[in-house]
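We have chain Z; now place chains S and C onto it with these hints.
As given, the protein sequences belong to chains Z, S and C, one line each in that order. Residues in the first sequence are numbered consecutively from 1, following my numbering. Residues in the second sequence are numbered consecutively from 770, following my numbering. Residues in the third sequence are numbered consecutively from 1246, following my numbering.
Keep in mind that the hints were calculated from the coordinates and are not lab data. All residues carry an ideal CB built from backbone N, CA and C; glycine is no exception. Do not rely on the hints blindly, as some may be mistaken.
What the hints assert, rightly or not - Not everything, but these chain Z residues come out facing chain C in the computed CB check (under 8 Å):
#1 T160
#2 K725
#3 L747
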Amino acid sequence: MLTAILLGFLFALFLVFAGKFFKGKLAVVSSIIPLSLFIYFASFIPRISSGEVIRRTYEWVPSFGVNLGFSLDGLSLLFSLMITGIGFLVYVYTSTYLKNHQYLDRFYAYLSVFMGAMLGLVLSDNIISMFVFWELTSISSFFLIGFNNTSEASRKSALTALGITGFGGFSLLAGALLLGSMAGTYSITEMLSMKEALAGHEFYILAVIFIFGAAFTKSAQFPFHFWLPGAMKAPTPVSTYLHSATMVKAGVYLLMRFTPVLGDTNFWNTTLISVGAITMLYSAVHTLFRTDLKGVLAYSTISALGILVFLIGLGSQGAFLAAAVFIIVHALYKATLFLVTGVIDLQSGTRNVTVLAGLRKVMMPVAVAGILAAISSAGIPPSIGFLGKELTYEASTHSTGLVIVIVAAIVLTKILLLYAGFVAGIKPFTGKLPEKFSEVKMPGPLMWVPPLLLAILGIVFGIFPALIESSLVKPVVTALSKDASDIHLALWHGFNTVLILSIITIVVGILLYLFLKPSEKLENRIGKLEPVSPESILKKLTYFFAVFSKFWTNVFQNGYLRNYVTTIVLFLVILVGYIFIGNSRLVIDHTQLSQITAYELAVTIILIGGVFYTVFTRSRIGAVAAMGVVGLAICLLFVFYSAPDLAMTQFSIDTLTVILFVLVLYRLPKYLVLSDYKMRIRDGILSLTFGGLISLLALQVLAEPVNSDIGDFYAKNAYLMAHGKNVVNVILVDFRGTDTLIEISVLAIAAIGVYGLLKLRVKSSDRPN
Amino acid sequence: MELSSFFLMRHEMALLAIALILIIAEIFIPKQKKSSAVHLAIFLFGIHTALGFFPLEENSLFGGMFRTNSLIHFFKNVLNIGVFILLLQSADWIQEKIVKLNRGTEFFILLFFSLLGMYFMISAGDFLMFYVGLELSTIPVAALAAFELMKRRSSEAGIKLILSAALASGVSLFGISMLYATSGSIYFDDILVAISPNNLTILGFILFFAGMAFKISLVPFHFWTADVYEGAPISVASYLSVISKGAAVFILMILMFTVLKPLMEVWENMIYVVALATMFVGNLFALRQQNMKRFLAFSSIAQAGFILLGLITGTQLGTASVVYFVMIYIFSNLAAFGVVQAISLKTGKENIDDYNGLYRTNPRLSLIMLLALFSLAGIPPVAGFFGKFFLYTAAAREGYYLLVFLAVVNVTISLYYYLLVVRAMFLRQSENPIPFFNNKLYMRLGLGITVIGILVLGIYSPLYDYIYELSAAFNH
Amino acid sequence: MEILFAIIIGVLYAAGIYMILRRSLVKLIIGIILLGNGANLLIFLLGRISEGAPPIIPEESKVFLEAYADPVPQALILTAIVISFGLQSFAIILVKRAHKVVKTDDLDEMNATDEDS
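With the rest of the complex left out, here is chain Z (with noise of 0.2 Å):
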């Protein structure tokens, strides 16, 4: 099973190599990489129908729990072969439809690696491999969207989608860790096992958000969706293969395949069947105002995908069933009427559904598939259309709660959609052909053969609805741990509810076909909505982030070092005086401190003049002259309290600083006082803060009990073992002689990076004006 999914990655790397090979006649062959992983996978038919889940585990991290794991159930099943079967006639297609392009290796390249990506979404067990493919998929979606990369919409709409769909796969990251560390296991199928204890969690809701997040996002849900439309400026077989069939049904499969891990309780199944419905609706109305072939498919697409998520929350064993029918309905209809859009497309140079009409003259091929599709589309008999709608029916009128609700929406759906079908599969093959399209050529036997062969399929599977029961329909729904051994799918039911609901979807359908004709002034009028819009307040948020970010950069990175200081410092200040003032309460202890003599009295006072001196005078020469007074009364210092080489290293250190600083500094200008008043108080005000509360720390130390016990033990064994009297000296030259060594590096590095400065020559034709 890894090498199933691993070929697509391969052929990509193949093509990388190789692709030259591929871009002309011989482009055609790289379908039969398709092709094979699709009859591999049929040939699990009769294992999977009689039950069976088929498993492989691959060990990858262990010491994580994280593995490879594949499962291949009857869910994962149906996603496999519609993604290698559409894939295939996809990769056929496009050989023609891209013929001679540039880059055409290219693009299989990217389209093998979406396909190997969404193999692996579907067949994973384990949560973070899953969470890798989808990743994958908006990666190698990216690319092909963006593929006509000349024209500015289709990489802004490129963006976008990634954009939305990798948000959707960190939220898909989030739920993923969250179950991970709530199950204590990132496989699906151990987590079954648990479905009591992981609604009962205290982040059940949390999880499935977070599930939610990426599915409603990958399938494009309301206030998600505005990704879909955009990303169809990408090449036809992209949007047939990625925006109708398999990678925004990733969304739906993500939702099945937690159905029974999380599914079945009322936050669920509420939040599925309103999301699932104001999609459906939303964007049905949508297609009403489109005149672009494409838009119009794109928002029925979206509608279908909110039928689906809409199935899915009402978590019946007859909304399964429903759901499982209509992905393949959807999938053998859309995908037809996306590769006939391609070929009007191609072959009249428009898409405009306002001008197209009576291609069927020119092209009757691909108006026989335009025209069963949409007749599957539509519902109508024998079609597997019909089917699925009857199902859909079946399982609203059958749902609980505001049955009423449910049932007028998901009619009024299938009206509007009934319409969308007809306007993409039959207007433009219908009616007089316009003087201007009577040139318009056949396109090549690759280009129709695939999307008749989907739509004769879609009327073959109506007809004979066993083809599809228990190798595909049934398996889906044992998937979904519901008892499936009662199915039984017919195309006659019955003359019962859900048949007269079918009539009357048919029968308002077809009026409205017949009455409402798409036209631009209806698409002007649902522009003036624009605004509103999920898009463009998400556009505006964006805005704001960004205005906000730059506002935020300017105040704070504003590279004044002392503004970094002052924020640094207020910073500590407030740190280390909510501790200290929080907690502790200063005792002296006057016993225990030394006298002090008028010497060291005298000597204080010179220094803090000295300090004070530094800081205020206006000279420079005098301002470090006070700062070598400072240095010496530290040095008198270290002499009084029984330091005396500490004194001697202060003493030599303090005077060549001194003296390097009047060497190197005399030459710089006068020593101005640059800052105003209001910031020299602002930063004493500051300082002394800081200063202060150096000198209660330093108080509070004192107060804790001494402990020395390293002190002891350098001072005892000073002359026993190193044979010094110094212990200073002897710390440094022998019990810690490494240090001293790597002290001594940093001085030498600091004199060669000395010596660099003073030896490089400033030109002057390198100093900026």
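Chains S and C only, in chain Z's frame:
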């Protein structure tokens, strides 16, 4: 002490030897052949990197000042690989720009000394060693940042870096001294025993942490990052964002998981807040950047926020995830910086708009960039995703659901700005695109290794298990 | 005396921070030096100060006979002083060279961000 036990410092001694050889070479190589020093440095460091993989026994030296174990050893190797890639990517720049200034060897010496400082820092067994290692690793980088001194921005970068570094190490030292004052020792092992979560220790820890936060560029200590990255030569920015940050994260993690573990209740909360702030601020700033270097600077800040997800756990899983993430991050970020370096060197262009239409003229470079950005964004199946995934899992296992969720939200935000660059390269067109050019051998190698890393590291799963085993060293 | 020490440290820190917040680069370096001095004194104080007891073993003896100042902080400070000298000298030279390029001592003129790029 046996002479053979010095062998534990093999990495350090070898690197020191290389630096010394280069200093000597600087004297003997005649002026017109200075560029051969580049070959010599890369050759020597290549050997050093390869030899580094020989196993090393676990032990400590000099009474516990210097220690090494298999994880430390592994991490040094990771740093070596990173620096090696960096050298390959910088070779052309050095040969074309720096050798002219007669500073070629100097670049390598400074770089190697900084790396040496990091070795000592991560091998330190006490705070003094740690401190000097920290300083040794910092000062050369400041010198490197100001390397193109004649460029205004470069000297500005140098000044900002050295002043920030001085402040940071001052704060760090302050923290260390407070820890010493309360625990009575500078040795990690002793401190672990003596430490308890009282006010002073906590303050000491916070100040120490603040110092390290400068190096890792965590919010609010991140300000220097963008200005320095932008001004510094690309190689140096790349070094700062990858090697320097990686090493600092590693040592901070070791210290928190071992020595400062008794303070866990304190640092848990703190890291929680800092992680969120860092992710959000990094992402928010990255959105608006026009310059690739600044863009990568902010993206690297956001990445640092993600790393904290592993740091907050205090578990073996966390350690492994952090090391793994840092490793992958090194490859991804070096790939991105490598492309920026290559383009900047040939054309001098560094803005995102300049990349418009890059895919048409330079498909290879733009694909490498794409991989790097996807990896940074954490999109599967490239390695970056797995790095982030393990971090999420590690944090989620400890119950930080909200944090993980917010991290995922941030990943989504980051997707937006990474895509801006992708859009420029793949979807936009330009009147004046970057013309096609071929890279020289070193650059190709440097980019090639990163690509292999990005593609293979994620999928090659035994590596993660291996790191997980090694991580046991710091989690008892 | 400890209280005086604490005050001195506070003053040094406050002055250091104040100087760092100024615009002149020279002041900035002076600020860092003052800060460094403050830090050193702080470490010194934290190691407990004691008068007239340097950590030097008397001539005639092999171990300490009476109380002595803790040698570890002193070693720490010694290291810190030397290292910060390295840092400072480099910073001073860098400022000097940068001044030649940028022609300013004013930090506010070193604020290249997106705005002018």
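* To do: Tell me if L747 (chain Z) is really an interface residue toward chain C, meaning its C-beta lies closer than 8 Å to one of theirs.
  => holds (5 Å)
* To do: Would you check whether K725 (chain Z) satisfies its interface hint, that is, whether its CB is within less than 8 Å of any CB in chain C?
  => holds (4 Å)
* Hint status (Cβ of T160 (chain Z) to nearest Cβ of chain C, threshold 8 Å) -> violated (26 Å)
When each numbered hint is compared with the structure, a violation occurs for hint 1 only.
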